[in-house]
Amino acid sequence: MKTIIVAGAVSLILSLFGTPLAINIFRRHGYGQLIREEGPAAHLTKRGTPTMGGTVFVIAAVIGYVVADLATRQPMTASGLLVLGLMAGLGLVGFVDDFIKIYRQTSLGLRSGAKLAGQSVIGAIFAVEVLHFPDPYGLTPADPQLSFVRDFGPVLGVLPFVVWIVFMIGAASNAVNLTDGLDGLATGAAILSLAAYVIIANWQIRNDCTVELARNCYLVRDPQDIGVVAAALLGACLGFLWYNAPPAKIFMGDTGSLALGGALAGLAVCTQTQLLLLLLGGLFVIITMSVMIQVGSFKLTGKRVFRMAPLQHHFELMGWAETTIVVRFWLIAGIFVALGLCVFYIEWLQWLPT
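The sequence shown maps to residues -13 to 340 in our numbering.
Accuracy of the hints is not assured; some may be wrong.
Here are the computed distance ranges between Cβ atoms for each label pair [what the hints assert, rightly or not]:
#1 Val281 <-> Thr58: 42 to 50 angstroms
#2 His118 <-> Arg314: 23 to 31 angstroms
#3 Thr196 <-> Ile332: 22 to 30 angstroms
#4 Val291 <-> Ile(-1): 16 to 24 angstroms
#5 Arg13 <-> Leu199: 27 to 35 angstroms
#6 Cys195 <-> Pro233: 43 to 51 angstroms
#7 Ile318 <-> Val281: 20 to 28 angstroms
#8 Gly139 <-> Val281: 28 to 36 angstroms
#9 Arg314 <-> Val277: 16 to 24 angstroms
#10 Ala57 <-> Ser283: 25 to 33 angstroms
#11 Arg314 <-> Trp228: 35 to 43 angstroms
#12 Ile332 <-> Gly305: 22 to 30 angstroms
#13 Pro120 <-> Leu199: 15 to 23 angstroms
#14 Arg201 <-> Thr58: 42 to 50 angstroms
What the hints contain is simulated information worked out from the structure, not anything from laboratory work. Predicted model only: the values in this text are computed from it and were never measured. Cβ atoms here follow ideal geometry from the backbone N, Cα and C, with glycine treated the same way.
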């Protein structure tokens, strides 16, 4: 638990004091946000706000993780390093996308095919590697199975598992990217999901099968180090939100949104809660579904269901204030996180002897 606290504290401090430096540097070099003209008119006032802020909390999270493990003499593990690698890799894809937008002075960065290819390659590397690195008990960071609150069902085999995990990572990273349309919206929602993973990892530490074999224990390779990763990213996002909350002084950009989505997917894989992520990231699911419904309806009927997609922009065009939308969507995200944690805890309770 000490390592988890240190990771969160160090990354929080780094992000809290590092973000203003990034704002000044990005503003000096002209790394400002470009706004689509077809978007809500109110967004035009945000033109020029520094972007690529995701670099701050990604770096802060990595440093917080390393410092915490070194300070408490907790060994770094394959699970923790793989999740951090996934986060950093997807953050790099987002960074390239953001840099192209700034360099070309356009709202369009990487072509969709190139971005998808980058996400797929990094996701595939992660999916293959989590099946390696067994510990002394033979546990690897993940098993080639589906999971909800623990692994279930038949073994998928390596190739189907890799395909599934690549899809999951792509879906999660793009979902956070779609949510990142209003000041602080994606950051706040991600903070709630990350807090859930700190709790889940801590619960798995206390009910680890390698410590005490019981009917309701968890066969997870590195629950403590996964908790450290989640806490490091949580602290980094909290520090970043101080400046990203409405009115935002800096945006995370694709650098941050792809990294955050990838980190959440990685945490879900390594804690054996792949499908539970649908609840813990419920807001991201709703916003992604709004885009799918809008596109599907327009292609099939020529009519739009929403005034604009993603969903947050629909409410903007209805006249809701940006802060009202953000706070209410945070509340929705919190409800989904609470529901996901309840499901996780209830499943554990049913294994207790009566």
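Hints versus structure:
no., hint, verdict
1, Val281 <-> Thr58: 42 to 50 angstroms, "holds (48 angstroms)"
2, His118 <-> Arg314: 23 to 31 angstroms, "violated (43 angstroms)"
3, Thr196 <-> Ile332: 22 to 30 angstroms, "holds (24 angstroms)"
4, Val291 <-> Ile(-1): 16 to 24 angstroms, "violated (44 angstroms)"
5, Arg13 <-> Leu199: 27 to 35 angstroms, "violated (56 angstroms)"
6, Cys195 <-> Pro233: 43 to 51 angstroms, "holds (49 angstroms)"
7, Ile318 <-> Val281: 20 to 28 angstroms, "holds (22 angstroms)"
8, Gly139 <-> Val281: 28 to 36 angstroms, "holds (31 angstroms)"
9, Arg314 <-> Val277: 16 to 24 angstroms, "holds (19 angstroms)"
10, Ala57 <-> Ser283: 25 to 33 angstroms, "violated (53 angstroms)"
11, Arg314 <-> Trp228: 35 to 43 angstroms, "violated (21 angstroms)"
12, Ile332 <-> Gly305: 22 to 30 angstroms, "violated (40 angstroms)"
13, Pro120 <-> Leu199: 15 to 23 angstroms, "holds (18 angstroms)"
14, Arg201 <-> Thr58: 42 to 50 angstroms, "violated (31 angstroms)"
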